[in-house]
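Okay, here's what each chain looks like letter by letter:
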Amino acid sequence: MSRPLATVRGLTTAGITHVVGIPDNTSGPLFDELSRHPTIRLVTVTREGEAIALASGLWLGGASPLVVIQNTGLLEAGDGLRGTATRMGAPIPMLITGRGYAKMERANVGPDTPRTIELLTRADVDSTALMTEPTLDAWGIPFRVCAGDEDPVAAISATVSEASASGRPTAVVMTRALT
Amino acid sequence: MLTVAQVLEPLARHRSHEVIVTTMSVTRPWGLLSDSDLDFASADSAMGHAADLALGIALARPERKVVSLNGDGSMLMCLGTLVTAVACGASNYILIVSDNGQYEITGHQPVAGAGRVDYAGLAEAAGFRQAYHFDDARTWAEQLPEILSSLGPTFVHLAVAPGTQGPIGRSESEPARYLQHSLSEWSRIMREALTGSTL
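Residue numbers (the numbering used here), protein chains in the order written: chain A, 1 to 179; chain B, 180 to 378.
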């Protein structure tokens, strides 16, 4: 079974009814698989804040959505997340694909490295990855990172369960491929 | 040009089982006309996300019409939702833009392009099944029953005179019931109403 198909089966088992988001290189195969799925509805949106607000509305209506966005778009979506899902106490799980993590590793820096202007302007560092985890922390979003050999299906399922149990938006930052 | 009362009173008269999502300057006035668990005030800022939140409700509850009472400033912050609503075929979605040309509740600052934007034209170009423009109260009130009953997605642009609404809070002193609860509390009230009842 392909990894995207296994991921979709995991979403079905977790009770996900809708996937809302914008595809990138990492999540593209998952979106392709979902576009053929008979029960999980795929809603492709135009901005990441829109994804979170729309998912919050889906939850209000009784659905169980998953948001899938890239970390760059997460940074754009701050007030949408704060003013809808977080203020509503909506248990929205988010799969955040992690652009820039490989570059960060090659440059031997990490989310805990002081974010000086020298670091943020370095050509060999993608500042998106540097800012993703501190931003989630600042916004009060519990998260896990799925990297290396970790099983993405298990990580997504755990994130869905944690969102439901805690009654708040919860994230998994996916720094490995889904294929 | 309509007043806010001329926008809302016909809607309150003709509303039956529809979900109504309000934001910004219509939030308090609607809460004084309606006391339904199916009303939702998207009033905790969130930078223009009332229309997309309402679209999510519409997708979750296809058996029920969902009306988003949006403002022009809020609409400009989520223009992409015009495309999303059409792309996902939300036939139960009615998006109303109450256009007063200003950010009324933050102090009457002008909205970009005020008076020059063809909002109904934008919706039509995005592929909305119906796109209306009204600048007089009588025609709006006459057309409203048809708007509420037609297959959507439906877009309505209303030219509205600025009012005197100030910043919106949530507290027991607010006269509108849906503003007397925290957003989290009201979300659970509404979710229970939506999932615990049938049409």
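Treat the hints with care, as some may be off.
Claimed, not checked - Not the full set, but computed from the structure, chain A residues with beta-carbon under 7 Å of chain B: (1) 53; (2) 54; (3) 80; (4) 83; (5) 89; (6) 144; (7) 145.
In case anyone wonders, no lab produced these hints; they're calculated from the structure. Glycine included, each C-beta is placed from N, C-alpha and C at the ideal position.
Evaluation of the provided hints:
no.: 1; hint: 53; result: holds, 4 Å
no.: 2; hint: 54; result: holds, 4 Å
no.: 3; hint: 80; result: holds, 5 Å
no.: 4; hint: 83; result: holds, 3 Å
no.: 5; hint: 89; result: holds, 4 Å
no.: 6; hint: 144; result: violated, 24 Å
no.: 7; hint: 145; result: violated, 27 Å
In summary, the numbered hints that this structure violates are 6 and 7.
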